[in-house]
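Sequential numbering of the sequence shown, starting at 113, is according to the working numbering.
To be clear, the hints were calculated from the coordinates, so they are not data collected in a lab.
Model, not experiment: these values are computed from the prediction.
Hints may contain errors.
Below, simulated DSS-like cross-link-like pairs (lysine-lysine); rule was C-alpha separation at most 30 angstroms, straight line [stated by the list, open to error]:
id: 1; residue 1: K523; residue 2: K414
id: 2; residue 1: K242; residue 2: K416
id: 3; residue 1: K220; residue 2: K242
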Amino acid sequence: MIRQMGRLLTAGLFATVFAACELTVPDFNNPSVEDLQNNPNTAAVAAAAQGLLFDTRLTAADMVHWVGAFGREVYPMAPTGSSLPGSVRDPWTQTLFVGTQVWAEAYKNMRNANLLLDALEGAEIPEPDKAAVRGFTKTIQAYDLLHIAVTRRHLGAPVAVGSDPNEPPAPIVGENEVYGHVISLLDEARGDLQAASSFPFGVTAGLSNFSSPGDFIRLNRAIKARAEVHRNNWSGALQAVAESFAGNNMPLDYGAQHSWSVNSGDLVNPANRPDLLWANTRFRNEAQARADGSPDLRFQNKFKVVGAYQLLEVTSDLQYTLYENPSAPFVWVKNEELILIRAEANLAMGNRAAAIDDINFIRMNSGGLEPLPDPYPGSDDDLLDELLYNKRFSLVFEWGHTWIDMNRYDKLLEIPVVGAPSADQRLHSAMPYPLSECLPREPEVPPGCMTQQGVIP
Numbered sequence: 113m114i115r116q117m118g119r120l121l122t123a124g125l126f127a128t129v130f131a132a133c134e135l136t137v138p139d140f141n142n143p144s145v146e147d148l149q150n151n152p153n154t155a156a157v158a159a160a161a162q163g164l165l166f167d168t169r170l171t172a173a174d175m176v177h178w179v180g181a182f183g184r185e186v187y188p189m190a191p192t193g194s195s196l197p198g199s200v201r202d203p204w205t206q207t208l209f210v211g212t213q214v215w216a217e218a219y220k221n222m223r224n225a226n227l228l229l230d231a232l233e234g235a236e237i238p239e240p241d242k243a244a245v246r247g248f249t250k251t252i253q254a255y256d257l258l259h260i261a262v263t264r265r266h267l268g269a270p271v272a273v274g275s276d277p278n279e280p281p282a283p284i285v286g287e288n289e290v291y292g293h294v295i296s297l298l299d300e301a302r303g304d305l306q307a308a309s310s311f312p313f314g315v316t317a318g319l320s321n322f323s324s325p326g327d328f329i330r331l332n333r334a335i336k337a338r339a340e341v342h343r344n345n346w347s348g349a350l351q352a353v354a355e356s357f358a359g360n361n362m363p364l365d366y367g368a369q370h371s372w373s374v375n376s377g378d379l380v381n382p383a384n385r386p387d388l389l390w391a392n393t394r395f396r397n398e399a400q401a402r403a404d405g406s407p408d409l410r411f412q413n414k415f416k417v418v419g420a421y422q423l424l425e426v427t428s429d430l431q432y433t434l435y436e437n438p439s440a441p442f443v444w445v446k447n448e449e450l451i452l453i454r455a456e457a458n459l460a461m462g463n464r465a466a467a468i469d470d471i472n473f474i475r476m477n478s479g480g481l482e483p484l485p486d487p488y489p490g491s492d493d494d495l496l497d498e499l500l501y502n503k504r505f506s507l508v509f510e511w512g513h514t515w516i517d518m519n520r521y522d523k524l525l526e527i528p529v530v531g532a533p534s535a536d537q538r539l540h541s542a543m544p545y546p547l548s549e550c551l552p553r554e555p556e557v558p559p560g561c562m563t564q565q566g567v568i569p
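Make the full structure from the sequences, and use the hints.
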């Protein structure tokens, strides 16, 4: 378990508007560690648990916005700007805002989770409620660490962070060990959730389908399915999908979401930025044709044509329709992704017929496309490209999936960039650590503390 102490930041315990909340929670917007640890009553524990949801969505927002940019799903182009963001054009240094944010927000939330777990030991609340909070908290920890795993990749990351800020920094462990810790946390969490019957706190509207420990286990398994497929544990991914909420009889958008709102004290969706965010025109070029000649329904439903805008060599006349409402939620995990994960795992294990069945289900029901022929005449590589096409269009602008998937399959250079071939745009395979993580490690310089040059396609 990740251990790190310090003061809880305001956002970490800020309780937003929660659906189905039966508690009257006092103002815990700015409690100290001492407040939670010395008086861990029901209200304090509830506020801390709810605060984890507030912070984990901030890291998810960075994944949507910035990891989406790494995979060229989106181009951040400020109308008053004179350059593209460093994540698109420049070598990646330890001071680049984007990488620092993903790291800092994820580890801050993991630290807050550990503080809650420590305080829970002395809390005078029923044991089943403690188990519910532990299972919920460890699941959020695992999800936050997964953000680190997918963005740092082969560079590795710390997992055993000490409780004393004056101690030497935690050791960097390899990518496999980081993923292993994610899986361990999720499995521990499931055991805790199985010992509980209800949560002693309310959850956001985006978690309304998972508002009890029993239902939350299905979300826990969905997160595990994503983690397992990212580390190429295909059988583990299939088992996790089977234990999740995946199903061809369920709506494709059924799942968990990160909530935003215009309510006082809450935050609006940060991707509601038509002044800043422009889609890669590749999606218009790549959208497969339906039987009537019209493009893939996912292109029709998720993109809109606007007046063309140019910044340096990049021009786009496409924007997303996904977050036009400032209260629009972010997808956390949805049924459509789980079906595609099942297809991916079956394809990797040589179960072509099962993989084609799931790919066709998504093609027809999400894209409005004709099914692939079965038997499929193409090679496994052709079928993988078809799978990645469907993942790209089904999950676009939701979590940076394009960058993550193309990295995993060593296809980074196949991502089309917008602009002239000679333009100095770079594709990066991993984020370095922030400077604040590197300075305490001197004179040692782990690979994650080195500038990542990226590649120019």
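Hints versus structure:
Only pairs whose Cα atoms come within 30 angstroms are accepted, and K523 paired with K414 is accepted, the gap being roughly 24 angstroms. For the given pair, K242 sits about 47 angstroms from K416 by alpha-carbon distance, which is inconsistent with the 30 angstroms threshold. Straight-line distance between C-alpha atoms of K220 and K242 comes to about 22 angstroms, which keeps the hinted pair within the 30 angstroms bound.
Of the numbered hints stated above, the single one contradicted by the structure is hint 2.
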